[in-house]
Amino acid sequence: GPKVLQIPSHQIIDMGQMVTLNCDPVSNHLYFYWYKQILGQQMEFLVNFYNGKVMEKSKLFKDQFSVERPDGSYFTLKIQPTALEDSAVYFCASSSYWGSYEQYFGPGTRLTVL
Amino acid sequence: GQQVQQSPTSLVLQEGENAELQCNFSTSLNSMQWFYQRPGGSLISVFYNPSGTKQSGRLTSTTVIKERRSSLHISSSQITDSGTYLCAMGGSNAKLTFGKGTKLSVKS
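Keeping their order, the protein sequence lines are chains A and B. Here the working numbering is used: position 18 in the first sequence is 992, and no number is missing along the way. Here the working numbering is used: position 37 in the second sequence is 437, and no number is missing along the way.
Keep in mind the hints are simulated off the structure, nothing from the lab. Note that CB positions come from ideal geometry on N, CA and C, so glycine has one too. One thing to keep in mind: the hints can contain errors.
To be verified - Below, in silico cross-link-like pairs of lysine-lysine (DSSO-like), each with a Cα-Cα straight-line distance of 30 Å or less:
1) B:Lys507 to A:Lys1031
2) B:Lys500 to A:Lys1052
3) B:Lys454 to A:Lys1033
4) B:Lys503 to A:Lys1031
5) B:Lys466 to B:Lys454
6) A:Lys1027 to B:Lys507
7) A:Lys1036 to A:Lys977
8) B:Lys507 to A:Lys1033
9) B:Lys454 to B:Lys500
10) A:Lys977 to B:Lys454
11) A:Lys1052 to A:Lys1036
12) A:Lys1027 to B:Lys454
13) B:Lys454 to B:Lys507
14) B:Lys507 to B:Lys466
What the hints assert, rightly or not - Which bits of chain B does chain A cover? Going by a derived footprint, with three or more residues having C-beta under 8 Å, they are:
15) 431 to 442
16) 488 to 494
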């Protein structure tokens, strides 16, 4: 079936540094999402993105977070600067339409902030 | 806001037994997905099932919109079915709200 790729699979960085998580969504999908899962906890929505704009973001999407998809390349989540509480697995998803349609998830990027 | 309740929180089965996992939603839904999450954390889509019944092999999902619930039935469980099963609902917006999951352990 359709696949979403995420790069890297693991990332370890020092607190205060910048990190960029990359997502290669399903070809021809137009809607993109990031979710966050702290180890052992519930998966939570961070942000969704369409046509170059953030459509909705949650309280977890702090000012240090940003997303973009320049020129149809990777859909990225940037955290600058990182904090200890940003340690989690970040999942990217994409869908072909808005709302009541299936979202396809990537394998996740495990981020460890030291 | 949207809330998703999953039950049971954990389940231990003997190989060959059947499992019934439940998901209840606090608001009306437009989309509904079941996922299997491996112990290592990777997520596998099991069903996209916003309404009605779908079957794939030993797995069956039934979503009843009016009752705001969905179920996942696993028949003849196998050891390899062990892991965490997550349900997620989408409302009128395009974000998914996840339940806390059911941790399934199948023993020989």
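Practice item. Quick one: which hint numbers does this structure break? Sort them smallest to largest. Key: 1, 3, 6, 8, 12, 14
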